[in-house]
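*Asks:* Using the sequences plus the hints, can you model the full thing?
Below are the chains, spelled out letter by letter.
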Amino acid sequence: MSATDQTFSAGEADAHGHASVDVTTLDAELIERADVATSDVAEYATWLGDDSLVLGQRLGELVSRAPELEEDVALGNIALDLIGHARSLLHYAGSATGQSEDDLAYWRGEPEFRSLHLMEQPNGDFAHIIARQFVTAHYLFELYSRLRASADETLAAIASKAVKEVDYHRDHSVQWVLRLSLGTDESRRRMLAALSDVWPYVDELFRDEPIIDRLEGVAVRPSTLRAAFDAAIAPVLVEAELEVPQGFTASGGGRRGVHSEHLAFLLAELQVLTRAHPGATW
Amino acid sequence: MVTTQTPLEATARPRPTDAASLQVWRLAATVTDPEIPVLTIEDLGVLRSASVVDGHVTVTLTPTYSGCPAMDAMRDDVEAVLGTEGYASVTVRLVLSPAWTTDWMSETGKAKLREYGIAAPNGHATVRPSGPVGPLTLRLSVKCPRCSSLNTRELAHFGSTSCKSLYECRDCLEPFDYFKVL
Numbered sequence: 001m002s003a004t005d006q007t008f009s010a011g012e013a014d015a016h017g018h019a020s021v022d023v024t025t026l027d028a029e030l031i032e033r034a035d036v037a038t039s040d041v042a043e044y045a046t047w048l049g050d051d052s053l054v055l056g057q058r059l060g061e062l063v064s065r066a067p068e069l070e071e072d073v074a075l076g077n078i079a080l081d082l083i084g085h086a087r088s089l090l091h092y093a094g095s096a097t098g099q100s101e102d103d104l105a106y107w108r109g110e111p112e113f114r115s116l117h118l119m120e121q122p123n124g125d126f127a128h129i130i131a132r133q134f135v136t137a138h139y140l141f142e143l144y145s146r147l148r149a150s151a152d153e154t155l156a157a158i159a160s161k162a163v164k165e166v167d168y169h170r171d172h173s174v175q176w177v178l179r180l181s182l183g184t185d186e187s188r189r190r191m192l193a194a195l196s197d198v199w200p201y202v203d204e205l206f207r208d209e210p211i212i213d214r215l216e217g218v219a220v221r222p223s224t225l226r227a228a229f230d231a232a233i234a235p236v237l238v239e240a241e242l243e244v245p246q247g248f249t250a251s252g253g254g255r256r257g258v259h260s261e262h263l264a265f266l267l268a269e270l271q272v273l274t275r276a277h278p279g280a281t282w
Numbered sequence: 001m002v003t004t005q006t007p008l009e010a011t012a013r014p015r016p017t018d019a020a021s022l023q024v025w026r027l028a029a030t031v032t033d034p035e036i037p038v039l040t041i042e043d044l045g046v047l048r049s050a051s052v053v054d055g056h057v058t059v060t061l062t063p064t065y066s067g068c069p070a071m072d073a074m075r076d077d078v079e080a081v082l083g084t085e086g087y088a089s090v091t092v093r094l095v096l097s098p099a100w101t102t103d104w105m106s107e108t109g110k111a112k113l114r115e116y117g118i119a120a121p122n123g124h125a126t127v128r129p130s131g132p133v134g135p136l137t138l139r140l141s142v143k144c145p146r147c148s149s150l151n152t153r154e155l156a157h158f159g160s161t162s163c164k165s166l167y168e169c170r171d172c173l174e175p176f177d178y179f180k181v182l
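Residue numbers (UniProt numbering), protein chains in the order written: chain A, 1 to 282; chain B, 1 to 182.
One should not assume that every hint holds.
Example chain B residues on the side facing chain A (calculated, C-beta under 7 Å, incomplete) [as the list claims (entries may be wrong)]:
id, residue
1, Trp25
2, Ser66
3, Gly67
4, Ala99
5, Ser141
6, Ala156
7, His157
8, Ser162
9, Val181
10, Leu182
In short, the hints are calculated from the structure, not lab data.
Yeah, the Cβ is synthetic: ideal placement off N, Cα and C, and Gly gets one too.
*Replies:* Have a look at this one:
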């Protein structure tokens, strides 16, 4: 390192391990392009970044605990993709206030997180994990497909990268929904139960918030994704001989920092090391 | 070694034309993927540009997958190689757009992959339209890197790294990695 230019000295002080180096490398790119998010864009990037971070952390809990080796690898890879998206999005969000992606991930409290309730739901059995993946992968695919056309170049770039990865997550979930629902009596019973447990949280994905009115052409209006989402999952549900569950809708509120009882526990595990040893590296 | 670029590669990541920048490109192109050491970052299509302006070197890389941990190592290695060669002022930038695709992998890279025992990406990346997707996705047969049989099947869509999936050959019965199209 001594021979190279220490352009990224800010990151050295950051010192959160490997992540800090990337952060600072991206910093230079953003500074060069004068690419700093406005507060509204930062809030929107935080929405999406928190969704990916929380879901990625949930899936990460399954590493070494999935029902079979191939699934262990699959869920770990999906989690890794999501954490990658979260890093880019939170890095961009932090550019508005001079905070790093690690500041946002490790030093915010529960009410400051903007993730949707579906993302923080506990894993449950394998069918529940698949039901949640089925919904989130289709939602994220439709979202990122449209965000590629955002007037905000950074969001568009992140989306054009993420959409290709999420497409694989979508395939993965579809194959498992079919296999579980058309498999044994027991796997079908579990798939039905999982879909009906997950469904109350689906509505929140498509709720607009006032900030969206100020981000026309930059953000994707959540309500506009509903029709595409429904159309995308419909043929899979038909093939799987499943129906869209009817029932109650969960209250939601994640975009305003109101969370279910599950997020705080997830964050405690995510943040404990950094908070116990600030600045620790390995 | 600087290999021949296909027209697609040349458009996506034009090789520098001035001698000083081309020299930096050639040095950066010696860095290999820590997970697949037979592939250089040029073979992979991760090396996107190199330039020298007023003695300051800028090398641009693009990540293969958003969460790929090998990116950190590749970036450090580029800095180290250029540092060893006496370049005092080096910036390595990461850009996300246009998004990396396996289409940028060089033909040399694909041949090296096969020799190494990993099936190379088969066919071109397409960005699927949004909207409904059928439950079945048709894929081209993947050739076994050991016995060249096309009678293979996917064991798992996700493999030992983000960029690979796990296959099995039904003729020679060996499992193998496939560098999947992205």
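*Asks:* With reference to the structure, classify each hint as holding or not holding.
*Replies:* Here is how each hint holds up against the structure:
no. : hint   : result
1   : Trp25  : violated (17 Å)
2   : Ser66  : holds (3 Å)
3   : Gly67  : holds (3 Å)
4   : Ala99  : holds (4 Å)
5   : Ser141 : violated (18 Å)
6   : Ala156 : holds (4 Å)
7   : His157 : holds (6 Å)
8   : Ser162 : holds (6 Å)
9   : Val181 : violated (10 Å)
10  : Leu182 : holds (5 Å)
Violated hints, listed in ascending order, are 1, 5 and 9; each of the other numbered hints is respected by the structure.
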